[in-house]
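Chains as they are written, first to last, in our numbering: chain A, 139 to 440; chain B, 544 to 1050; chain C, -13 to 291.
In case anyone wonders, no lab produced these hints; they're calculated from the structure.
Everything numeric in this text was worked out from a predicted model, so none of it was measured.
Do not take every clue at face value.
A partial selection of chain A residues facing chain C, derived with a Cβ cut-off under 7 Å [claimed, not checked]:
| no. | residue |
| --- | --- |
| 1 | Ile158 |
| 2 | Val162 |
| 3 | Arg219 |
| 4 | Tyr246 |
| 5 | Gly248 |
| 6 | Ala260 |
| 7 | Ile264 |
| 8 | Leu267 |
| 9 | Leu275 |
| 10 | Gly278 |
| 11 | Leu281 |
| 12 | Pro282 |
| 13 | Ser355 |
| 14 | Ile400 |
| 15 | Leu401 |
Built from N, CA and C at the ideal position, the CB exists for glycine as well.
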Amino acid sequence: MPGWIRAFVTDTGGLVGLVIVAGVLLAAALAPWIAPADPNRQELRARLTPPSWSSGGQARFVLGTDHLGRDLLSRLMHGARTTLVVAVAAVAIAGVFGTAMGLVSGYYGGVIDDVLGRLMDAQLAIPYLLLAIAVVLVLGASLPNTIAVLVIGGWVVYARLVRAQALSLRDREYVQAAHAIGAADAVILRRHVLPNTLNPVIVIATIEMANMMLFESSLSFLGLGVRPPAISWGSMLSDGREYLTAAWWVATFPGLAITITILGINQLGDWLRDRLDPRTLPRSERRGSRSPSPRIEATKTS
Amino acid sequence: MSRRWVVLALLLLLGLSGTGAPQTLPAASAGAAAGKLTIVQGPEPLSMDPTMDINKTSYNIQLGLYDPLIFATPDGRLRPWIATSWTNVNPTTWRIKIRKGVTFHNGEPLNAESVAFSIEQYNRSRGEGNKYFQFIKGTKAVDAETLEITTDGPIPATPTMLGFLFVLPKNYYTQVGPERFGVEPVGSGPVKMQGWQRGVRLVVVRNEKYWRGVLPIEEITYRPAPEASTRVAMLLTGEADIIANIPPEQIPRIEAGRMRVIRQPSLRKLFVEFNMKQRPLDDVRVRRALNHAIDKEELINLVLGGNAIREIGPVPDGWLGANPKNQLTAYDYNPARARQLLAEAGVGGGFQMDLWHSIGRYLKDKEIAEAIAAQLGNVGVRVNLQGMDIGSLVQRIHTQNLSGAHLFSWAPLIFDTDNLWRAHFYSKGLNQYAVSAKTDELLLAGAAALDRRERQRIYSELERHVVNDMVPWIFLYRQSLIYGVSNKVGWLPRADEVINVRNLIVK
Amino acid sequence: MTRYLLRRLGQSALVLILVTMAVFGLLQVAGDPVVIMLSGTGASEEQLQSLRRELGLDAPAPVRYLRFLGGLLRGDLGKSLRFNQDAMGLVLERLPATLLITVAALGFALAGAIPVGILSAVRPRGAISYAGRVLATIGQATPVFWLGIMMVLLFSVQLRWFPAGGYGTPAHLVLPAVALGLYPMARISRLLRSSLLEVLSQDYVRTAWAKGLHERGVVLRHALKNAALPVVTVIGLSFGALLGGAVVTETIFAWPGVGLLSVQAIYNRDANLVQAAVVLVAVAFTIVNLLVDVLYAWLDPRIRY
Chain A
139 MPGWIRAFVT
149 DTGGLVGLVI
159 VAGVLLAAAL
169 APWIAPADPN
179 RQELRARLTP
189 PSWSSGGQAR
199 FVLGTDHLGR
209 DLLSRLMHGA
219 RTTLVVAVAA
229 VAIAGVFGTA
239 MGLVSGYYGG
249 VIDDVLGRLM
259 DAQLAIPYLL
269 LAIAVVLVLG
279 ASLPNTIAVL
289 VIGGWVVYAR
299 LVRAQALSLR
309 DREYVQAAHA
319 IGAADAVILR
329 RHVLPNTLNP
339 VIVIATIEMA
349 NMMLFESSLS
359 FLGLGVRPPA
369 ISWGSMLSDG
379 REYLTAAWWV
389 ATFPGLAITI
399 TILGINQLGD
409 WLRDRLDPRT
419 LPRSERRGSR
429 SPSPRIEATK
439 TS
Chain B
544 MSRRWVVLAL
554 LLLLGLSGTG
564 APQTLPAASA
574 GAAAGKLTIV
584 QGPEPLSMDP
594 TMDINKTSYN
604 IQLGLYDPLI
614 FATPDGRLRP
624 WIATSWTNVN
634 PTTWRIKIRK
644 GVTFHNGEPL
654 NAESVAFSIE
664 QYNRSRGEGN
674 KYFQFIKGTK
684 AVDAETLEIT
694 TDGPIPATPT
704 MLGFLFVLPK
714 NYYTQVGPER
724 FGVEPVGSGP
734 VKMQGWQRGV
744 RLVVVRNEKY
754 WRGVLPIEEI
764 TYRPAPEAST
774 RVAMLLTGEA
784 DIIANIPPEQ
794 IPRIEAGRMR
804 VIRQPSLRKL
814 FVEFNMKQRP
824 LDDVRVRRAL
834 NHAIDKEELI
844 NLVLGGNAIR
854 EIGPVPDGWL
864 GANPKNQLTA
874 YDYNPARARQ
884 LLAEAGVGGG
894 FQMDLWHSIG
904 RYLKDKEIAE
914 AIAAQLGNVG
924 VRVNLQGMDI
934 GSLVQRIHTQ
944 NLSGAHLFSW
954 APLIFDTDNL
964 WRAHFYSKGL
974 NQYAVSAKTD
984 ELLLAGAAAL
994 DRRERQRIYS
1004 ELERHVVNDM
1014 VPWIFLYRQS
1024 LIYGVSNKVG
1034 WLPRADEVIN
1044 VRNLIVK
Chain C
-13 MTRYLLRRLG
-3 QSALVLILVT
7 MAVFGLLQVA
17 GDPVVIMLSG
27 TGASEEQLQS
37 LRRELGLDAP
47 APVRYLRFLG
57 GLLRGDLGKS
67 LRFNQDAMGL
77 VLERLPATLL
87 ITVAALGFAL
97 AGAIPVGILS
107 AVRPRGAISY
117 AGRVLATIGQ
127 ATPVFWLGIM
137 MVLLFSVQLR
147 WFPAGGYGTP
157 AHLVLPAVAL
167 GLYPMARISR
177 LLRSSLLEVL
187 SQDYVRTAWA
197 KGLHERGVVL
207 RHALKNAALP
217 VVTVIGLSFG
227 ALLGGAVVTE
237 TIFAWPGVGL
247 LSVQAIYNRD
257 ANLVQAAVVL
267 VAVAFTIVNL
277 LVDVLYAWLD
287 PRIRY
């Protein structure tokens, strides 16, 4: 058994995280085949049917129905798709873009660094949510636009982190040596700088995944989330909040889905961090240290 | 301690130093003492200057601070108020008698001069009030109790329009200017301004010298709370005595807390407006088909929990131009007929249509749009929902030629039918979706018809034309206003979303 | 140091210009406030045009932006379209509420995060550390509006401990501060834990350990000092984010902060008010982070600017 698998099995947190994330991914991927009903099929006369196990519930609506009589379980499964697509796409695009910006900024320094640095400052100086609202107002709320908004707010985290790393790496001997033998900048960046920044980027990316999901739900709360017929957990939760006392299940299940999935992602992220980041490993397992970069933590609130 | 913690302490201090700013009012506990009330509305009021801000939130408070020149009620009736009488001396001139002995809160007498100034101030305003009295071309205070106004052509709706005019104190307003007036308003109404901590609370106390008698309530506090479930919580905990704009699902919570729920049908009518210039909606058979495809009763009873009233025409009941129900085609739910009409129009195979709608502006607007999409889907119309905030929607409706259809509404500020026609059926107005040479002709004729019966005849013809022949809308319903009220309040709300302090009683 | 500060200030001015340009551009595309103001009233195009003229909205966008910049230089951000009041004044009026909730939320976050962070690094299997981590994880995994609504239901309606919404007394502060503070609390405690783990494994701590000092003494005297550095940074950044970004919490608890004000201004297309809020928040953010930078240099002699 390879070492990493053994580690996973012995580390229950990571295992739990993996099971949760894999389960959600499966549900999302297979939603069209395993969901019991069309998630947008309304049956107004069956609106707010409770879950099947409580009194008044019906077997065909396992988790009950929402305010338009749509099957909650099917909506949760399809909602997982949108929610994950939004979070993954936002993290991936922001990660790639931010990493590229950070690499260029940190490696070249000088004027480029100044310009990019100010851009990052400007980005941080505008409250993210306000920016998001303004952008959604202008562009309209749709799946690509929601992702765009999340990317606009998300890339700086990676850029800052990678910039700090690139800054410290470019003076390392092996980079200097590659330079001296005439390697092109692009090659140096790709071969020598980028690989050394990837681990922390991956760790941040898992944290950001959770962030993006929370943020999407905040946008939904403000009426700026994905719009029908797209379904996201955030919008389900936000729509359901008004029915809390009348029909608890409408909001509770999407809420639970969000919380449990984020828990899973965080567990997985913690485990990844412990694997990838030697700083937090037990002493016996440490292999050399990296300079800490205090500014890598993103802060977003809503 | 480490120096690093000093940094932290400094940061915290920096924060705290900003919090020592003076607060204009002591924290009041709601409704504790008898004779005091707290009313919680959603958004916060912006300005108390009625020429600047006429949002319902602000208007509700302004209606207590000021007196309207004429008291217009949502059923279209007019009561003498500050004006004791009004006559049309010639088609474009009105002579208005002003009540004697009324004074503003600061002691300034209210006379014809004040009214003339108020009209001019509305017309000078740089805010929402700017539009309403532009039709008045001249004002003249003949003496302290007589005002003459001249209008731009014969306008029979003038007295009703003047029901929207709040009388402002000329000297005080000129002296302090619009900016300060918006914060420290002076009117002649039953309550006067006590203090305003913006975004937190606005307090009014009763005017002990009100000309119509003193209110039974000593003090009213208005507070904002944008989230509906918070408003309900505030009612249940006693922080609020009246809460406005409650979504239907919250009703059981209020009733379970042994508070009263008041449902009042409003004048706000919702409809789906078509783009009649585009295929296939340019065919009246298609528009009729879509009208038949919507089960309005299902929308009202299931999505809105019964908190709406079915409507088949645009003119509010009892208003000039309202037709008896049997004169208007009702377009009852009939999917078979809808499919047949679509087939006749050559789109029996269905078609794609955008439906633009607001999110969070009207009662369950997003849900209604989704339900409409599903119902239209049953007759083969594939609806693309385009939801957005109301500001963006209004922008798009008025400045773009929006494809497909949009879920929209109309609610009157001024209780004359002319406003309805100009808002939606006039080719020189903001909204260009339901206009034609015929609507223009009729609405202009009606606006100038000084004889009331003639006006009634023209307007009812216009309504029949719109509903029976033109079919520019899917006529839906008017939504209800839902208020939560604590047991110590006695109150009957009005249909125009207004909370009139004159009707409030504290037990 | 002075040169560094001057350079930073110059750059901040540049940032400010960038920010205002972005906001101005967005609001241009977002539309015309006059249309929203007069929708449904039967106003004619001429009436719209005359109101636009009155409000100075008829000039071309670049001209209006230059006017705005000119005003900014004189410290005058113009009047709010809908409030008809000085825009800067309106924002400053909300600043106490915003600072209060920011400080309270961060205070709550730190009060929870520091013990939890320390304990979970030192005694990862202890009950308190476990409970703290669970709380932190939930705080980091729950949408804030959901948390807020639940807290209102439980602590206001059921238990009657705190008012459901509003501003003015210490009791009004508790629920929004906790709702807003749970997320940074989770973040900071996790950060503290990982930086403590790192510091604890370094040589000088091991030396102290070897000298036989009491465990708690080791942690507090040596490790915490170093672990605090990244935490301070996060606090600085959180501060900025909270200044204008607490919109959801402010909405739930009817808290009169800058965030809610600016969101409503965006919805109303009240350009001057939005600009004033953004400029003010950007300035505050810049000041706080400049302060953090300067204090950093003062704290840690190795850092040079």
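Hints, one by one, checked against the model:
1. Ile158: 11 Å, violated
2. Val162: Since the shortest Cβ distance to chain C is 13 Å, the answer is violated.
3. Arg219: Constraint on Arg219 (chain A) not satisfied, violated at 19 Å.
4. Tyr246: Violated - the Cβ of Tyr246 (chain A) stays beyond 7 Å from chain C, reaching only about 18 Å at its closest.
5. Gly248: 14 Å, violated
6. Ala260: The hint holds - Ala260 (chain A) has a Cβ within 7 Å of chain C, the shortest such distance being about 4 Å.
7. Ile264: Holds, about 6 Å.
8. Leu267: Because about 5 Å separates Leu267 (chain A) from the closest Cβ in chain C, which is inside the 7 Å limit, the hint holds.
9. Leu275: This interface hint holds because 5 Å falls under the 7 Å limit.
10. Gly278: 11 Å, violated
11. Leu281: For Leu281 (chain A), the interface hint is violated, since the closest Cβ of chain C sits about 19 Å away, which is over 7 Å.
12. Pro282: At about 17 Å, which exceeds the 7 Å cut-off, the nearest Cβ of chain C leaves the hint on Pro282 (chain A) violated.
13. Ser355: It holds, given that the least Cβ distance between Ser355 (chain A) and chain C is near 4 Å, below 7 Å.
14. Ile400: 4 Å, holds
15. Leu401: 5 Å, holds
Violation of the numbered hints given earlier is confined to hints 1, 2, 3, 4, 5, 10, 11, 12; the remaining hints are satisfied by the structure.
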